[in-house]
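Peer 1: Could you slot chain B with the ligands onto chain A? The hints should help.
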Amino acid sequence: MTQDGAILTVENLSIDIPTETGTLHAVRNIGFDLKPGETLCIVGESGSGKSLTSLALMGLLGSSIKTKANRMSFDGIDLIRAGKRQMRSLRGARMSMIFQEPMTSLNPAFTIGDQLIEAMTLHVKGPKSDARNRAIDLLQKVGITSAESRMSQYPHQLSGGLRQRVMIAMALMCGPELIIADEPTTALDVTIQAQILRLLKDLQQEFGMAMILITHDLGVVARVADQVAVMYAGELVETGPTAEIFACPSHPYTRGLLRCIPQPGKTERGTRLGTIPGIVPSLVGDVSGCAFRTRCAHARDICRSDIPEQTAPGETHSFRCIAPDGFAGMDETEEARA
Amino acid sequence: MTGTETPFLELRNVTKTYKIKQGLFGETKSLDALKDLSLKLSKGDVLGLVGESGCGKSTLAKILLGLEAPTSGQVLVDGTPIGGHDRLALARRIQPIFQDPYSSLNPRKTIQDLIALPLRVHNVGDEASRTKAVREILDVVGLPSRVLTNYPSQMSGGQRQRVAIARALVMRPQIVICDEPTSALDVSVQSQILNLLGDLRSEFGLTYLFISHDLAVVEHLATQVAVMYLGRIVEETDAAALFDNARHPYSQALLKSVLTPDPAMEVPDTQLGMAYPNPIDPPSGCHFHPRCPRVTSLCKTQTPRPVVDTQGLVECHLHDPQANMTPARQEALT
Ligand SMILES: Nc1ncnc2c1ncn2[C@@H]1O[C@H](COP(=O)(O)OP(=O)(O)OP(=O)(O)O)[C@@H](O)[C@H]1O
Ligand SMILES: Nc1ncnc2c1ncn2[C@@H]1O[C@H](COP(=O)(O)OP(=O)(O)O)[C@@H](O)[C@H]1O
Ligand code: SF4
Ligand code: SF4
Ligand SMILES: [Mg+2]
Ligand SMILES: [Mg+2]
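Chain order of the listed sequences is A and B. In this text, residue positions in the first sequence follow the numbering used here: the first is 1, and each later residue adds one. In this text, residue positions in the second sequence follow the numbering used here: the first is 1001, and each later residue adds one.
Isolated chain A (complex conformation):
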């Protein structure tokens, strides 16, 4: 899987969380690569392990949570073995994160300006006025008018959309090479969402950053990603270039997701949408075989065993299923299942 020139490489990352009823195998054996300037979207439904994955990369998981990986490296730095101090010097400097709820990561007691400036002076030596100028510059870049006067405002004085822009500016203060955005627009209006995503793409191009964008919205994925990783119950079930995944979704779950959403221009108005019956299985205790088998129309006994990785037609992308074509040729409508 490892590719030359990747700035981020993840191989066989697993995350275990101790709970009262046993170990929760929240993330299992996932892997991906990311090149500079590239955008990877991790898409999956709530609880699939997206946020845990990003927190693991940033070294922000609590000590009770066990992270294992064959490899997790950022520009040659081993993130598994990196100490607390080394992670702290990377975070916010060379790799930054934008969280879903900006209020949790902005300190209500300090002004926007103070927080932006600190994000830089923490890592970069130099006069405070430089940091201040960069902060104003970035606030303007992220589309905040009268940036100077915003510097002296407190987080609660800004709307959700503005706070999210401030978070983006803060993540960019040190000119990171990797940015991880966890559902950065989920809580926002569609109009603001479009503006923020455009902004992220523009800034990414301007600064040549690599970006991991976490979302549950397939529309966002299609418009923003170069590479897609589809996550289900802690596993990556399908990965590959965006155009290929949408043109030729091979895993039954990926195809199911695409059928669930009404697609203007494609789905006939008022018709029934596709569904994925059933619920996500418990990941506590012994978890083996294909996690999707409790909801898959094609599941059979061997889906309980180890699932091989398959390559999609045209060798373009890979997915995990017992069938070499992921049963793509078969009809999965509810009628067929009944």
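Just so you know, these hints were derived from the structure itself, not from any lab. Hints are all accurate, no fakes.
No farther apart than 30 Å at their CA atoms in a straight line, the calculated lysine-lysine pairs in the DSSO-like style are these: (1) B:Lys1019 x B:Lys1300; (2) A:Lys201 x A:Lys128; (3) B:Lys1040 x B:Lys1062; (4) A:Lys141 x B:Lys1300; (5) A:Lys141 x A:Lys35; (6) A:Lys266 x B:Lys1043; (7) B:Lys1035 x B:Lys1021; (8) A:Lys35 x A:Lys66; (9) B:Lys1256 x A:Lys141; (10) B:Lys1256 x A:Lys266; (11) A:Lys84 x A:Lys125; (12) B:Lys1132 x B:Lys1109; (13) A:Lys201 x B:Lys1256; (14) A:Lys201 x A:Lys125; (15) A:Lys201 x A:Lys141.
Output of the computed footprint for chain A on chain B, the stretches with three or more beta carbons under 8 Å from beta carbons of chain A: (16) 1193 to 1206; (17) 1217 to 1227; (18) 1254 to 1266.
Here a beta-carbon is modelled for each residue, glycine too, at the ideal position from N, C-alpha and C.
Peer 2: Here is chain B with the ligands on its own, set in the frame of chain A:
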């Protein structure tokens, strides 16, 4: 809107003003959540209500449900002002389904109790007939009867939303007000709920007011669409007309910002430079003018009036034949 029959449900010139205390000295300001707003809902319609956060969608829903009283204006049911109706009788006919399947259900009550509650409040039938009604409705929303003894915490988000729907329907209402009924749900669950709402509509001839941020969902389900901005409906027309040919610049911007899952396309430029304005201090003239890509000088001083024509209602100078902005209008319409 086009028919002459008496609308099922109507808002006539409704204004809702909230008093807001601001600052250290408790200076009181007023916020018009709804401004002289009129709206009609005909039998069998699915009216989609869309607009950005804070534009007044939930306020409108609460007024239709009688949970809030309008500051001025009237709510009419079958042409009769709501004051003239028996409130309880009205509540039987109009039922809500709210956004959050987590907080809208009392965690200490069983599913049986939760669904039977409206029947008990309205004194419908005896205990035995209520139990029967609850079982029937559970079947309609596709839940097994074994969940009756469960508590909400023992159910998934999608199941809880089904319980909320069952509770709304157990009274056999004619109108269901859905405020973001699926926005807290994963897409695989959302599609089941949307299918269910569609099935129930054809089975029971329900009329829906459907509030959603997700324009693709509204496009899929709605027969009529009303677009709101700062407490006003700025465009209203049939769903097909709106999604194929929106006329108001704000409707156009909203539609443009929908991200269809098409990898050949980029993230669109909505051209809505500024953020949503503060509703306490709305812009002069057309409230949308600071963000409008088509703004003219007239828009900054004069409020556009609602114009109703064959294509529906629109509130924008560009589409008002009497507005004095001829050159721009000419340009816009060519
Ligand atoms: N009880 C209240 N007191 C004061 N202001 C209120 C109250 N309820 C609503 N508002 C204000 O009225 C306006 C309309 O609010 P409303 O809840 O109807 O918006 P909405 O369109 O439903 O938004 P969302 O999409 O975020 O749900 C907002 O500016 C809101 O802050
Ligand atoms: N700190 C934690 N303690 C216990 N369980 C957790 C913790 N963080 C996440 N989980 C569990 O791990 C799984 C994946 O969570 P998460 O990564 O937050 O999902 P996503 O971001 O995809 O919605 C879920 O089952 C969640 O409940
Ligand atoms: S491995 Fe089996 S259960 Fe899993 S997706 Fe393939 S057919 Fe379905
Ligand atoms: S009236 Fe003017 S500002 Fe308002 S929507 Fe029409 S063109 Fe834009
Ligand atoms: Mg998350
Ligand atoms: Mg609301």
